Amino acid sequence: AKIPSLFPTFSADFEQLAWFDTNVSTPTDQRFKHFVNHPKFNDFDTLQYGQGYQVYCKNPAGVTLTLKGKLPTKQASTTLLPGWHLLPAVTLEPKPVSWLTQGLDTADVRQFDAASQTLQPATELKPGEAYFINIRTASLFAPSLPRDPTTRFVYDGDGGRVKQTTSAGTTR
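Position 121, counted from 1, in the sequence shown is what this note's numbering calls 121; the numbers after and before it change by one each time, with no gaps.
Each hint should be verified, as a subset may be incorrect.
[Unchecked claim] Restricting the straight-line Cα-Cα distance to at most 30 Å, the calculated cross-link-like pairs of lysine-lysine (DSBU-like) are:
hint, residue 1, residue 2
1, K70, K95
2, K68, K40
3, K33, K126
4, K95, K74
5, K163, K2
6, K33, K95
7, K74, K33
8, K95, K2
9, K126, K68
10, K70, K33
11, K163, K68
12, K58, K70
13, K70, K126
14, K58, K126
15, K74, K163
16, K40, K126
17, K95, K40
18, K33, K2
19, K68, K95
20, K33, K58
21, K126, K95
22, K2, K74
23, K2, K70
24, K2, K68
25, K40, K58
26, K163, K70
27, K2, K40
Simulated from the structure, these hints should not be mistaken for laboratory data. Here the structure is a predicted model, which is why all the values come from computation and not from measurement.
Take these sequences, add in the hints, and give me the full structure.
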């Protein structure tokens with residue numbers, strides 16, 4: 001999704017979006033990628049599923065973002081090198097931290113606490129948040145695909161609902 005369509009008041013509410021490129025072939029001084037809402041200086045202009053972003057909000061009241069779109073159907077993966085990484089909690093409901101770190105050799109998992117403006121130990125993953133994860137040895141990050149949040153209804157010829165199907169199952 002193009003950032004200007006997701007952040008229509010970007011210039012008023014935000015300074016920049018940033019992410020860290022872990023590709024070993026990327027020069028160290030070019031690893032942070034930025035979007036500042038100026039084509040000459042932007043390193044990217046779309047958000048990618050499974051990528052963690054730092055959002056620099058300058059609106060003192062904060063901003064609530066609602067993102068809409070299609071959920072991915074193919075699992076993505078990336079190799080994380082030793083050091084700190086910002087990973088998204090690609091979940092639609094709260095989960096234990098171990099759900100995100102399964103298969104990763106982690107030393108620490110932190111979340112940003114807006115009230116204290118500090119990184120605190122993460123105790124639970126929350127939808128729409130990202131987490132700072134310290135990787136000890138190279139690890140493969142392959143986030144699970146989120147469940148399908150779609151609810152489908154089947155109606156009979158008289159307009160009565162016959163069946164409801166959700167990710168949790170089918171009811172009559």
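Status of each hint after checking the structure:
no., hint, result
1, K70 with K95, "holds (22 Å)"
2, K68 with K40, "holds (28 Å)"
3, K33 with K126, "holds (25 Å)"
4, K95 with K74, "holds (21 Å)"
5, K163 with K2, "violated (37 Å)"
6, K33 with K95, "holds (29 Å)"
7, K74 with K33, "holds (24 Å)"
8, K95 with K2, "holds (28 Å)"
9, K126 with K68, "holds (17 Å)"
10, K70 with K33, "holds (25 Å)"
11, K163 with K68, "holds (26 Å)"
12, K58 with K70, "holds (29 Å)"
13, K70 with K126, "holds (20 Å)"
14, K58 with K126, "holds (23 Å)"
15, K74 with K163, "holds (28 Å)"
16, K40 with K126, "violated (35 Å)"
17, K95 with K40, "violated (40 Å)"
18, K33 with K2, "holds (15 Å)"
19, K68 with K95, "holds (21 Å)"
20, K33 with K58, "holds (19 Å)"
21, K126 with K95, "holds (7 Å)"
22, K2 with K74, "holds (20 Å)"
23, K2 with K70, "holds (14 Å)"
24, K2 with K68, "holds (12 Å)"
25, K40 with K58, "holds (22 Å)"
26, K163 with K70, "holds (24 Å)"
27, K2 with K40, "holds (16 Å)"
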